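Undergrad: Two chains, each in its own frame: build the complex with the hints.
These are the residues of each chain, in order.
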Amino acid sequence: MSHDSSPIALVVFSLFVASVLALSFWLGRKAKSAGGYFAAHGQVGWFVNGIAFAGDYLSAASFLGICGMIAFYGYDGFLYSIGYLAGWIVALFVIAEPIRRLGKYTFADALDAKFGSKGIKTAAAISTLVVSVFYLIPQMVGAGVLIKPLLGLPHWAGVLIVGVTVTMIVVTAGMVSTTWVQFIKGSLLVVFCTVLVSMILWRGLAVPPGGVPEAQTRTVLADGTVLINGEPASATNRLDSKLRSRHGVGFGSVSRLPGDVERTGPLGPVAYLAAFMDSEIVTWSKREVRPPEVEHPTSRFEPVVQKGSDLLLPGASPTFKGLRGEQLSKKLDILSLMLALFCGTASLPHILIRYYTVPNASAARKSTVVGIVAIGFFYVLTLYLGLGAMTSGALDPTDSNMSAPLLARSFSETLFAIISAIAFTTVLGTVSGLVLAGAGAVAHDLLGNTLGWVRDDAAKVAYAKVASVVLGGGAMVLGILFAQLNVSFLVGWAFNIAASANLPALVMLLFWKGTTRQGVIGAIMVGLIASLGWVLLSPDAMEKVYGFSAADAAGMSPVPFSQPALVTIPLGFLTLVAISLLTRAKAARA
Amino acid sequence: MDDRGASQTQRDGGRGDAARSSAAPPAHRADLVLFAVYFLLYAGFMGLTAFSPETLAIRVIGGVNVAVAYGMGLILIAVILAGVAMFTYRHGDGSPTS
Chain A
1 MSHDSSPIAL VVFSLFVASV LALSFWLGRK AKSAGGYFAA HGQVGWFVNG
51 IAFAGDYLSA ASFLGICGMI AFYGYDGFLY SIGYLAGWIV ALFVIAEPIR
101 RLGKYTFADA LDAKFGSKGI KTAAAISTLV VSVFYLIPQM VGAGVLIKPL
151 LGLPHWAGVL IVGVTVTMIV VTAGMVSTTW VQFIKGSLLV VFCTVLVSMI
201 LWRGLAVPPG GVPEAQTRTV LADGTVLING EPASATNRLD SKLRSRHGVG
251 FGSVSRLPGD VERTGPLGPV AYLAAFMDSE IVTWSKREVR PPEVEHPTSR
301 FEPVVQKGSD LLLPGASPTF KGLRGEQLSK KLDILSLMLA LFCGTASLPH
351 ILIRYYTVPN ASAARKSTVV GIVAIGFFYV LTLYLGLGAM TSGALDPTDS
401 NMSAPLLARS FSETLFAIIS AIAFTTVLGT VSGLVLAGAG AVAHDLLGNT
451 LGWVRDDAAK VAYAKVASVV LGGGAMVLGI LFAQLNVSFL VGWAFNIAAS
501 ANLPALVMLL FWKGTTRQGV IGAIMVGLIA SLGWVLLSPD AMEKVYGFSA
551 ADAAGMSPVP FSQPALVTIP LGFLTLVAIS LLTRAKAARA
Chain B
1001 MDDRGASQTQ RDGGRGDAAR SSAAPPAHRA DLVLFAVYFL LYAGFMGLTA
1051 FSPETLAIRV IGGVNVAVAY GMGLILIAVI LAGVAMFTYR HGDGSPTS
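In the order they appear, the protein sequences are chains A and B. Here the first sequence stands for residues 1 to 590, numbered as in the numbering used here. Here the second sequence stands for residues 1001 to 1098, numbered as in the numbering used here.
No lab work stands behind these hints, which were simulated from the structure alone. If you're wondering where the values come from, they're calculated on a predicted model, not measured in any experiment. One thing to keep in mind: the hints can contain errors.
Unchecked claim - Here are the simulated distance ranges between beta carbons:
#	chain 1	residue 1	chain 2	residue 2	range
1	B	ILE1058	A	LYS321	16 to 26 Å
2	B	LEU1076	A	GLY265	23 to 33 Å
3	A	LYS586	B	GLU1054	48 to 58 Å
What the hints assert, rightly or not - Covered by chain A, per the in silico footprint, the following chain B stretches (three or more residues, Cβ under 8 Å):
#	region
4	1034-1043
5	1048-1058
6	1062-1070
7	1079-1087
C-beta: ideal position from N, C-alpha, C; glycine also.
Chain B on its own, in the form it takes in the complex (with noise of 0.2 Å):
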């Protein structure tokens, strides 16, 4: 597959997309933090599920374990902050291009 004229001449376009994409970093900010917070708290789940698992067993709100808290509460999270992507994205920035 030698395609190596067909790049050359795509790359200035190319440098064009990076640029047009690169034009709204704030907003994408927002959205990594959210994501590195969930995935915080997703990877500390499986670190208590493999390494810890009597710390599941302690009964916490309403007699519930940890583990259903921890897991419902990994679910009900994740529509939170769908919800709170709803407001953090910045109209405008999503042009449509086609």
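Extracted from the complex, chain A is given alone in its bound form (with noise of 0.2 Å):
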């Protein structure tokens, strides 16, 4: 579906880049230290830490991804925002104050307090690199997605812009202007997230004329033409303009609402949840149609009225659905992509180097607290966000990540513009974080540590924004490539891997004497190479990535089910505790 791009989003737009750009390299002009650069000095105040932490966890897939997955199937993106919160509980009770007490720039650090071993840094720095690659490309292939409607460009546009950008705040500033473009963007996207579902609330659910809505079609012939329901596409004729002319609205609309009224009026949180649960809704499923079924390839977008009460309930989307069947590897496969979320948080490279831009373990709490309180509140919003969203008649069939913004339209042209540059520059705050993770793995790990060829502090930052550079050009690559990839199922990967590789190590370093270093470093190395073989022999791999039909995806793959978090995790702990036994049983005989 096309968008107008929008001249006042564009100003917005553009304004915000630019004052963000500005501010970088404002603040940028102090940090030329190696704690300045890849810890704000440590002395970031602990408020503002955990408005960034925020920031930092509330990206463009915990935004655009899971309000429109709501959006499209019900319940099933609140499971997400379930799990994504979730994480938190693990970083605030088990990771947090120990990690600060034991570290100084990096992840790395924390792990190797204890031993001060090559062999830890060299394991920590590359999971350290895997992970941020991982979580990197669904950031970049979420900055495509949205500049596409915002401003009207191609997606490697969007991904170029951000690319850039990113690479220009890390470089000139490093963490200090990292950190201040988190709480301003983390501040901005609950505040407006808010006001967008106090006017939900406000506008109440209301039942469109003319019925339930007819099916629409959009062909594509030989020389490229597009049809709209068989007449040419234009700007009188989209994909929902028959159905704003019959019925006032596009998609996704109430058919039906309780005691049959036309409109509930303004509700309150709870009575809203349950009207919508007491009413049925028209949701679009598209079918591709192919000749010689048709004269052309077709899309075929009809309308499907379901009960409010399903809607709510796991198991609706093609995620999920496992939920509702009886096959236990589908349940298993879900559960694991659960605990991955619950483990992966607190494994993260760009959350945990937030632990250092903090003066003290104290802070380091204190922080945390507050980044649960403000993420904890916006996964709540999310989902009145994606219900509302799924009912305010302005959807786009063909894709799911817009509704949010999408939605926003709905109410006013100015609310569009804010939330869709609130959004991009959420996209740029976590790009940023993860690039500046993988460049002090990078320079203060690999290059200061492993190979000791860079010693001194100001080596270090140079060698990092190399690095940067590096990575963001990668990314930017690898953005490209992977367009077609839906952004939350990557995601899910690199929490996945984050959490087979880096959770066991940290726990059982805080909490097991035992522990040696060659435990450590097994552990990292196992829980790694498993989980990402897992991930790319996965039957969702076989499917997504290398394009092979679904059914010979499942006969291919020589895993049971495609998240591997459930055995990865396990798995590194027994590694871990194993190989420590051994090495101390040696240690003691010698």
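TA: Pasting the structure below:
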């Protein structure tokens, strides 16, 4: 579906990016030392750092992906909200303080504080790099998705704009400006989503006139001409034009309200959900019709009336439909994903480096608490944003990622511009955190400690900047190559790998005195290789990355389900314990 | 990566570190109890989701079903536990080290 590129969106967006860059240059003037570059001198206040956590964490996948998934399939997107937030409990009660006490700039420092081993630093740096890259791809893809409707530019242009801007932010100022960018973005996101949800509740639910809408079609002729419902596409004949003229709204509406009223009027937060459950909702399914059934390849968008009470149960989306079946492997797949979300948060490199920007362990804890409050509040909002979009009459049935911005457009053009600009800054902020984490791993851990090439701080910063440029460039290429992949699907993989590689080593080091150097190295490498290998050979990868049919993919894959965490996290723990016991016994004999 | 020599010299220093960080077990115990409580609630929710979908459909408070109430509950409880963590934290434990 095509969208107007709106002039006001363009203005708001440019102002945003310009002010973020200006701020970044201004704050970066003073950050010349390694302490300033990697850890903002350890002098960021806990409140600012806490909101910056929210900024880091509420990535494009959280905001666009979850809202879009709820808007299309109901409850399932909310499962991600629950899992993403639950992971912070691990960060708060298990990881936050010890990791601040042990480390200096990076997660490898903390793991290595006890042993002073090059092997640990190298293993931790490699896992940081792999996870950063896996997490960078979906963020870059998200940037391309956003820029298309917002500025009317192609996907690759969005990826390039984000890549270049981020690399400039990271190269000029490091952690100081990254922290402030995240703080600003985190607060704006929460504030404007609150405004949006208030407007949703105030609008309530309403049934548009004209009954259940008709199916719509989009046909592509051999010469590339696009037909909408059999007529050439134009500004007055878009996918939703006929719906809008007959019913006053486009895709996504209510067909019956409780008590058969026409509109509910303003509703409270609980009453809104209750009213939704007793309503009937028109959702849309897309069916591809190919020759010889029709003359030209056609996408048919067909209305499906669903009960609100069914939409507010898990298992309606393709990702989670296994929950409603009988196959155990499908259920284990989903449980494995939910375990990865729970354990992965506290293992993400760009979250971990934020523990070194505060002065001490107490501030690390306080900022985690602030982060949890802001993030938790936001995730409550996601359910309303998603359901609001589902009934807004403004959905794009071809692109779920656009649901939240289009919901804002159903209220006002200015709000649309602001929400889109915030979503774009969201991508910007998360990407800069990731690039910085990766650059730190390369310059401080690999070049500085493993190879011993870089000794003094000024050189470390210089190398980190070169590494940022390389990482930023690599992320841009991958973002363009993987344009077709689903954003939240890729993020799930990043969580699986982070949890499998990093969590066993972190937890055991903090809580088991018998942990040895070799055990830590073994756990990281086994967790990393096992989860990465599993992901790359999974049925999902066969189907969505390598392009085999679903049936072939299931047959070819050597692993029973797609999400590895359920197996590879325990495997990491086992490896660590086994190697530690063996190496300790050897040391005792010697 | 042969760093046996390096780790040999570091081992004593390592023991010192371990002794220092094990100096604050009571606060840690409270943390781990809160963590265990939350983990059980989360696991319970996932168990229902995977193996007892009919329970999730039951309507509870205010006409909202168990799926929504439990899910929202998990988010609110996380926020409440985070608030509790502010108070259980014993000041002076987290002595600044850098």
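Undergrad: Run every hint past the structure and note whether it holds.
TA: Now the hints, each set against the structure:
1. B/ILE1058 to A/LYS321: 16 to 26 Å: 21 Å, holds
2. B/LEU1076 to A/GLY265: 23 to 33 Å: 27 Å, holds
3. A/LYS586 to B/GLU1054: 48 to 58 Å: 54 Å, holds
4. 1034-1043: The restraint on the region 1034-1043 of chain B holds, since 5 of its residues have a Cβ under 8 Å from chain A and three suffice.
5. 1048-1058: holds (count 6)
6. 1062-1070: It holds: at least three residues are needed, and the region 1062-1070 of chain B offers 6 whose Cβ sits within less than 8 Å of chain A.
7. 1079-1087: holds (count 6)
The structure meets every hint from the earlier list without exception.
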